[in-house]
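What follows is each chain in one-letter form.
There are 2 protein chains.
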Amino acid sequence: MGDDGRLHAIDDDDASSAHQLSYIDIYPLSNYYFGSKEPLLFKDETLSDRVLRMKSNYAAHGLRTCVEAVMLVELFKHPHLLLFQIRNSIFKLPGGRIRPNESDIDGLTRKLTKKLSANGASDASHWEVSECLGMWWRPDFETLLFPYLSTNVKGAKECTKLFLVKLPESRKFVVPKNLKLIAVPLCQIHENHKTYGPIISGIPQLLSKFSFNIIGT
Amino acid sequence: MGDDGRLHAIDDDDASSAHQLSYIDIYPLSNYYFGSKEPLLFKDETLSDRVLRMKSNYAAHGLRTCVEAVMLVELFKHPHLLLFQIRNSIFKLPGGRIRPNESDIDGLTRKLTKKLSANGASDASHWEVSECLGMWWRPDFETLLFPYLSTNVKGAKECTKLFLVKLPESRKFVVPKNLKLIAVPLCQIHENHKTYGPIISGIPQLLSKFSFNIIGT
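If you read the protein sequences in the order shown, they are chains A and B.
Once you know that position 206 of the first sequence is 205 in numbering that gives the first Met the number 0, the rest is easy, because the numbers rise by one and skip nothing.
Once you know that position 204 of the second sequence is 203 in numbering that gives the first Met the number 0, the rest is easy, because the numbers rise by one and skip nothing.
Quick caveat, the hints were computed from the structure, so don't treat them as lab data.
Treat the hints with care, since some could be wrong.
Which copy? The list can't say, so a pair holds if one copy fits it or any two copies do.
Stated by the list, open to error - In silico DSS-like cross-links for lysine-lysine, where the CA-CA straight-line distance does not exceed 30 Å:
| no. | residue 1 | residue 2 |
| --- | --- | --- |
| 1 | Lys153 | Lys176 |
| 2 | Lys54 | Lys36 |
| 3 | Lys76 | Lys54 |
| 4 | Lys36 | Lys208 |
| 5 | Lys153 | Lys165 |
| 6 | Lys76 | Lys42 |
| 7 | Lys113 | Lys153 |
| 8 | Lys153 | Lys171 |
| 9 | Lys179 | Lys153 |
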């Protein structure tokens, strides 16, 4: 318990490809179909309830890992990030907490299917989860998230991992009725902590090493 | 001219390694030797002189590309970033502008050797330049840098690329007398725009996908 999740690192550097630019294909928003399905039930709880729940989960399962998807579409020739908007003022990346012993990829695929796919559709559970873009750590239950682990912290309580999810040329998004999926331009998100919080507002920087290959406009 | 540098992208994604954690070996600051050498001459100019020089260089050579090194050492079990401190209040990553037709790697190696190596030493020019962590664009001479290119910008004027440079277990840094090389903890840099500017203060986020393998303490 309290494993910080960093023990199983494997060096995957490939010197021959390290210096090549990576690119992301992005397709017009109009290529995608958006439908709706029955609302998802959310835990409606106070902040102190949430801390209590996190503490009991930590005691039972150790480090809580959340996985979130960075998905891009093109609009007005500029990359846009797909976000859930909740009650007008809260913005979230699609994703959620993985189960104990579930892999990051399986957990993210499950969450994306639950929140963005038609129930029971044959292609519903295919999501192209690509590389990890960044990780944020919560050293203690009540504290903020940081993009590094302080070494005087024995067991981090939560880790949020952002994964690039590459969208196909076209697909259906079927969104629960109590969630709203929106596309926000990177230029609006960049350094906009106040609206989007530290994790989302840093995504344009995390994506800056890629070149965007805008297709079909 | 005005090539935005993104045209030659090559897909280097390797699905089999995309989901593995990458790590960076970091060694104690005390493993490194710091010496000094004769001062480097800097162009002492006003902001408007600088804009004039950028404009004439752009007319002659097109997009100006700067390459900068992200190098880490360990101190108090926390990763520290190596920075130049100039006149107490200005912090810069080691690096500089590449020459027309020079590769990013060759340019960064030349700049690091000039600013951090003993003149004429046999191992002076070996630097392990690893992956590109991020890019910042200056759409116009007078504007700020952004981690994306707006599409209504025809020819970006400047691109700053950050490269991870992996330090060996030990090496000599020989620093010009008019520069000061310092090691700053990531926790002090994170979101500290005011002191370090937007590029350096975002480096902890860009590094957050790596796990740090602290060796020899």
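Contradicted hints - numbers only: 1, 2, 4, 6, 7, 8, 9
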